[in-house]
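Q: Kindly generate the complete structure, drawing on both the sequences and the hints.
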Amino acid sequence: MNPLAEPVTLTHYLVVGAILFVCGVVCMTAKRNAIGVLMGIELVLNGANLNFVAFGSEYLRSGSTESIGLDGQLMALFVIVLAAAEAAMALAIALCFYNAHATVDVDQANELKR
Amino acid sequence: MDLEQLLPLLLGLAWLLPLASFAAIVFFGPRMGHGGRGAGYAAIGAIGASAVLSIVALAAWLIAHPLGGEHGPAHPVEAIAGDWYPLAVFGQLKITIGYYIDGLTVAMFAMVSVVALCIHVYSLGYMHEELHEVTDPLVTLSNGQTLKRRGRFHRFFQYLSLFCFSMLGLVVAGNAAMVFVFWELVGICSYLLIGFYIERKSASNAANKAFIVNRVGDFGMIIGLMALFSGLGTFSFDEVFQQVRPAGHGPAAHAHALTVPDGMVRAAARERIAEIYRASPDARQAETAIGERLPAWRGEGLGYGLLVVAGLGIFCGCVGKSAQFPLHVWLPDAMEGPTPVSALIHAATMVAAGVYLVGRFYPVFTLEVLLVIAIVGCLTLLIAATIALTATDIKRVLAYSTVSQLGYMMLALGVGGWVAGLFHLFTHAFFKALLFLGSGSVIHATGTNEMPRMGGLLRKMPWTAGTMLVGCLAISGAGIPFVIGLSGYYSKDGILAQLYSFAGQNPPYAWLFYAAAGGAALTAFYMFRLWFMTFLGPPRDDHVHAHAHESPRVMVVPLVVLAVFAVIAGWNVPWTALGLQPLLEQARPLGTAEGASHGRFLPTLTMPAEHLAHAPEIHVPVTLIAFSVALAGFLLAGAIYWWRMLDADAICRTFWPVHDFLRNKWWFDELYQFLFVRPVLGCAALAAAIDRAVIDGLAHALAGAVRLLSRFDDWIDRLLVDGAVNATANVAYEAGLRLREVQTGRVRHYVMWVAAGTVGLFVLVMFLWSYTLAGP
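Protein sequences appear in the order of chains L and C.
Per this note's numbering, the first sequence starts with residue 1, numbered consecutively.
Per this note's numbering, the second sequence starts with residue 1, numbered consecutively.
Be a bit skeptical, because a hint or two may be false.
[Said to hold, decoys possible] Derived, one-sided and incomplete: chain C residues facing chain L with beta-carbon distance under 8 Å:
1. Ile63
2. Gly745
3. Arg746
4. Val751
[To be verified] Some chain L residues well away from chain C (every beta-carbon gap over 12 Å; in silico):
5. Ile41
6. Val53
7. Ala92
8. Leu112
To be clear, the hints were calculated from the coordinates, so they are not data collected in a lab.
Given the structure is predicted, the values throughout are model-derived calculations rather than measurements.
Cβ atoms here follow ideal geometry from the backbone N, Cα and C, with glycine treated the same way.
A: Laid out in structure tokens, this is it:
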């Protein structure tokens, strides 16, 4: 079977979302740079967002009478807003941290441990 | 306004004004202006207004009830009795603030308030040292210095005002319960004022002694009042007198005769009454039967004993208050108080309250009680007069003289001389207050109480000496026989005449008359001994003599006023029957004028009627006897202390056993010390020892046991309870310490753990999830 000839179904979206999600998690885990970690978070959020949108789309659910209406889109919008807010906050924290320590290495942020 | 409304209003106001001044001084005392003198002015203002009101009341009374002839009015004068304010009703018992106003009440009111006014004014001068800080040389502190304290001028007047209120309340009281309340109030005032110099050990002891000795008498008084109440069911004088002396029928001589009231008969015959009730079918019939038998029972003498007990009990209270034998020991010690107090409370008014109360309760007393009163009075007058012979403290001489004169009054009342006894009360109040104030003036000037250190003060203090001479003459009963005399001349003659009349009718009791006549000689002797030793002869102590000076005018004026009263108190207003004696004659309680006889226990005793004593065959010899014995006493005193024909010291040496006996006051204090004080102290010590050994021991043992128990409890607490708590905490701490390793603080680690955990969870779910559980 030729995957490229197959029609695009829900499963494809889920696979892309999963890949994005895993990329994000790996990015979060591996990066020591705070900006990198933030980017990982964005990837995770967008991976999850993709799932919402895919589940919420009517076109992708042929033959199914079950509908969740606009719930998926609504959640996606909510996640986007959340991500925007989170990015703003996190970048501000990162900036402050940089001002104080002249670095954005998250491993350096261990003062509470002492 | 008629008399029945006017008199209670006037006397009530006169009674309450000193209370107002007392309250004002309590709250504003030291801030009342004139450097603290304001308190004195307030008290004087109050008592002065009281005096004016009392005199107005007296005048109103005299206008409404003009005095009759020598032998009393044709119609008996009704007393004005009523209630100002009912306090409470407990079944049969009614407690009210009431009044009982008759000639005696208005006369006492006028006397008390006038004497009190004089003494208040005098105190303004006498107590002036108390305006500033006082150094009391008689009190040595533990550090060897003498006491310095703040002056108590306002407090003195505060107590005086309270006393005036209490004394006037006692006089106006309309029932026995109210009398008892004010009786105790004057007692507490006396206590407070005797202990005015409270830092002096002798003063506080004397105050305690006065108070405790009075408790003994008051205990008897409570018994008497209870006996009276249980028999009569009322405290009100009006109702008591109506029940004890019912109007009755028959000739005037038997109207108002002493009758045992029904209640007392019933109380004595309660067994028979119970029997009648048992025998008869219903209560009404039983009551009828009892009513028929009551006169017969009364004839048998049932209930008479209860009346005697009531009389003796009330007299017992009077014995304490009026310092009669055997409770006379407190009065001489009471001289520790300031001299104006001695004059007001311990000479003129409070100690006379006992005599007044005997006079007030006179209708209740049976013949037996009267004889007891007479004998007690006679013993008192002799004992006190003999002790006064050797006393050297000027105030103590006067104190024993007071006791002796109170004995005269009691004696007179006891032998039927109601008017004579109370007449002497009035005259004595004036001249004894005068004598005490005079002695206060001397003490003020010389700074000592001891007569052997005085002498030759006549030139230095002419006014004091002159007024005191008037007092001495009055108390000795000086006068020109059958013509005119000082107040004491009339009152003492009245007493002796009644005694002579009594002795004539009852030969076994003739010794009462001889004792009283002898007492008159002793009175003259010790009074003139006092005057000669103080004012005549060479100065015995140069320092004292040089220091002496006449007192300021504020002290001399009251002396002069009282001296005038001491002279004229016995006189009638010329060409009228207006005088103290006719007033008392009019006030005599119903049924007591005619004398009495045939007591149940003393059938042979007869109380002669008082008017019999005015007969010439009694009056003439008695006047001569009284005059000659008083003259004898005066001459003896003069021979020893003025002309020095006899040497006092030599006499003392010759009769040393007698002298010692009298110097030691018949050893009464020692006797009481031995009989009562020591045993009581012994009992107290025993009780204290038991307290310490047994009760304290028990308490300590209990405390020890509790301590042991608590120590055990403490151990359990520490070991088990704390152990469990600490163990839990330790486990949590250890676990935290271990788990801490996981918390690296690196975000990446956490994320890894989260991812790994999620994967792990999914794996677990995949393997373990049963589709049957999850549903189709």
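Q: Determine for every hint whether it applies to the structure shown.
A: Each hint, compared with the structure:
1. Evaluation of the Ile63 (chain C) hint against chain L yields a violated restraint, the C-beta minimum of about 109 Å exceeding 8 Å.
2. Residue-level restraint check for Gly745 (chain C) holds (minimum Cβ-Cβ distance to chain L is 4 Å; threshold 8 Å).
3. Look at Arg746 (chain C): its Cβ gets to within about 6 Å of chain L, closer than 8 Å, so that hint holds up.
4. A distance limit of 8 Å between C-beta atoms decides the matter here; for Val751 (chain C) the minimum to chain L is near 5 Å, and the interface restraint holds.
5. Ile41 (chain L), annotated as away from the interface, has a beta carbon of chain C within 12 Å; the closest lies near 9 Å.
6. No beta-carbon of chain C comes within 12 Å of the beta-carbon of Val53 (chain L); the shortest separation is about 22 Å.
7. Here Ala92 (chain L) stays apart from chain C, with its beta-carbon at least about 17 Å from theirs, past the 12 Å limit.
8. Against chain C, the non-interface label of Leu112 (chain L) is violated: not every CB pair exceeds 12 Å, the least being about 7 Å.
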